[in-house]
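**Student:** Protein chains in written order, with my numbering: chain A, 1 to 254; chain B, 1001 to 1162; chain C, 2001 to 2106.
Derived by calculation from the structure, the hints in this document are not laboratory data.
Everything numeric in this text was worked out from a predicted model, so none of it was measured.
Beta carbons: idealized from backbone N, C-alpha and C, even for Gly.
Be a bit skeptical, because a hint or two may be false.
Taking lysine-lysine and the PhoX-like style, the derived pairs with C-alpha atoms no more than 25 angstroms apart in a straight line are [to be verified]:
1) C:Lys-2021 x B:Lys-1117
2) B:Lys-1117 x A:Lys-39
3) C:Lys-2010 x B:Lys-1117
4) C:Lys-2014 x B:Lys-1092
5) C:Lys-2084 x B:Lys-1092
6) A:Lys-69 x A:Lys-81
7) C:Lys-2021 x B:Lys-1092
8) B:Lys-1117 x C:Lys-2014
9) B:Lys-1092 x B:Lys-1140
10) B:Lys-1100 x B:Lys-1048
11) C:Lys-2013 x B:Lys-1117
12) C:Lys-2084 x B:Lys-1117
13) A:Lys-39 x C:Lys-2010
14) B:Lys-1131 x A:Lys-39
Chain C stretches covered by chain A per the calculated footprint, using a threshold of three residues with CB under 8 angstroms from any CB of chain A [claimed, not checked]:
15) 2005 to 2011
16) 2065 to 2073
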Amino acid sequence: MLLPAVFAASFALAQASADKTAADKRRSGYQDMGAALQKMQDDDTANPGMLFVQLGQQLWAKPAGAANKACADCHSLADMKGVAARYPAMAKDGDKPIDLEGRVRLCRTVNQQAEPLAPESRELLSLAAFVANQSRGLPIAPPDDPRLAPFRAQGAAIYQRRQGQLNLSCAICHDDNAGKKLAGVTIPEAHPTGYPLYRLEWQALGSLKRRLRNCLIGIRAEAYPSDAVEYVALEIYLMDRARGMVFESPGVRP
Amino acid sequence: MPGTKEAKKEATKEGTTRRTFIAGAALVSVLPLSPARATPQAMAAAIKEVVGDNAILEGRVTLDLPPLIENGNTVPVTVSVESPMSEADHVKAIHVFNEKNPQPHVFDVRLSPRNGKAVVATRIKLGDSQKIVAIAETSKGEFFSASADVIVTLAACLEDLT
Amino acid sequence: MTQVLINAPKTAKKGEVIELKALILHPMETGFRPGTNGRLIPRNIIERFAASWNGNEIFRMEFSPAIAANPFVSFFAVATEGGKITFRWTGDEGFAVEESVAIDVA
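Throw the hints in and build the complete structure from the sequences for me.
**Tutor:** Below you can see the structure in the form of structure tokens.
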């Protein structure tokens, strides 16, 4: 497989361990970016996402809530390695899957007994980015939990279903027309390899949920409410679709 | 897949129309507050303020920008100037201008022999495809310049503002 | 909590030209952009970035609203003597942040 030199250099090790075969033609959005943006992602002091990772690291050690406990009081950082590469997962004792941000929010209210973190807030994204960063370079590895299967199927169905005023499905853009141009932009294959990621369009870090919502609005469909299970179902499907690809968070994307 | 192509065309057209509308709306609301919107003329005037009546020489300056800009919100730019950076002959300042953002100034940098190399990199916003000009001022009172024409692509799917 | 990331070598040879990189969390709101209510969001930018080496200014940059959000700057300096390199950002709404790194020069 011919890869740009920068990509080959920065991901060579991870690629080897990610069980990628020569036949794997899947492309991360990273590979569709120009050299300048790839360089921005690769350099930890140039990647704006790392500002949020650093903030997340501070929040990780800061006690919060009635329990007056910090994340670090319960979790060793070493245990966080690989977590983001296998989320979403079933919530403990729950009947619904949650994504990484959902897991952080749950910990916050149940274990720390603190005020909930607002969806898409800087604090939540920073904590998620810090945890996600511990999995950078690992292959995406969704769990083989049979309870996730119906949600994965739901996600796959949403992915294939035409919706919105433009009557487009995810698949029409990201499977059938990936690699082609839409308004001068290369349509990516929609592999969630870098979330939470720093999107230049947002000028901020954002979650996969924000990206999905953005796509729904793009096809003039009604976005789901922020706590809708549909988003998590789509995430489960997309992570399964990207199984084995290298996890990159915090990614940089245009 | 019949219908797909049509829908896609529509998406492109819609996206552009909406972006143009937003840009237009911004322009209308900005104008009363900021009559001096950058234009090629405004850029020339801003350059004149820095350079005065001195000649602007070609060469020595390299202005490095991606040829195709994937998002105008954050555009990596590097300005390098060939100079011995000695007490007798060094780059004192680098000025960067644009012709279509609301204001012609992008940034100004002061340098001295202490910098060793006259190279500075940063990230800028570019509202549209346009010409960028970098001017280096030397300790000998000379001005060197380089320019670049950049193409800024617009995002296909815009997020709503709410 | 203002976040800053500095990339500077911890050691350098005397006379060596080293690269210094600095990244800071800041919205760089241009003042030209309407908010959701249709009114312009007030300008809030960093106006100046400066670096000093043991108290002597070695680099200064004036920003305009055209500098991207979360500004990144890279520049060079001659390593003259060991000590402290200080980076300072100042701007609208009383913004003032300073961050220093130590460097050994042999």
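**Student:** Are the hints correct? Go through all of them and say.
**Tutor:** Hint check results:
1. C:Lys-2021 x B:Lys-1117: Distance ~14 angstroms between Lys-2021 of chain C and Lys-1117 of chain B Cα, so the pair holds.
2. B:Lys-1117 x A:Lys-39: This hinted pair holds, its Cα atoms lying about 21 angstroms apart.
3. C:Lys-2010 x B:Lys-1117: Distance ~19 angstroms between Lys-2010 of chain C and Lys-1117 of chain B Cα, so the pair holds.
4. C:Lys-2014 x B:Lys-1092: Satisfied, since the Cα-Cα distance of roughly 23 angstroms is no more than 25 angstroms.
5. C:Lys-2084 x B:Lys-1092: The hint holds at about 24 angstroms.
6. A:Lys-69 x A:Lys-81: 21 angstroms, holds
7. C:Lys-2021 x B:Lys-1092: 20 angstroms, holds
8. B:Lys-1117 x C:Lys-2014: 15 angstroms, holds
9. B:Lys-1092 x B:Lys-1140: Given that 25 angstroms is the threshold and the Cα spacing comes to 9 angstroms, the pair holds.
10. B:Lys-1100 x B:Lys-1048: 17 angstroms, holds
11. C:Lys-2013 x B:Lys-1117: 16 angstroms, holds
12. C:Lys-2084 x B:Lys-1117: 20 angstroms, holds
13. A:Lys-39 x C:Lys-2010: 22 angstroms, holds
14. B:Lys-1131 x A:Lys-39: Roughly 24 angstroms between the alpha carbons, so the hint for Lys-1131 of chain B and Lys-39 of chain A holds.
15. 2005 to 2011: holds (count 3)
16. 2065 to 2073: holds (count 4)
Of the numbered hints listed earlier, not one is contradicted by the structure.
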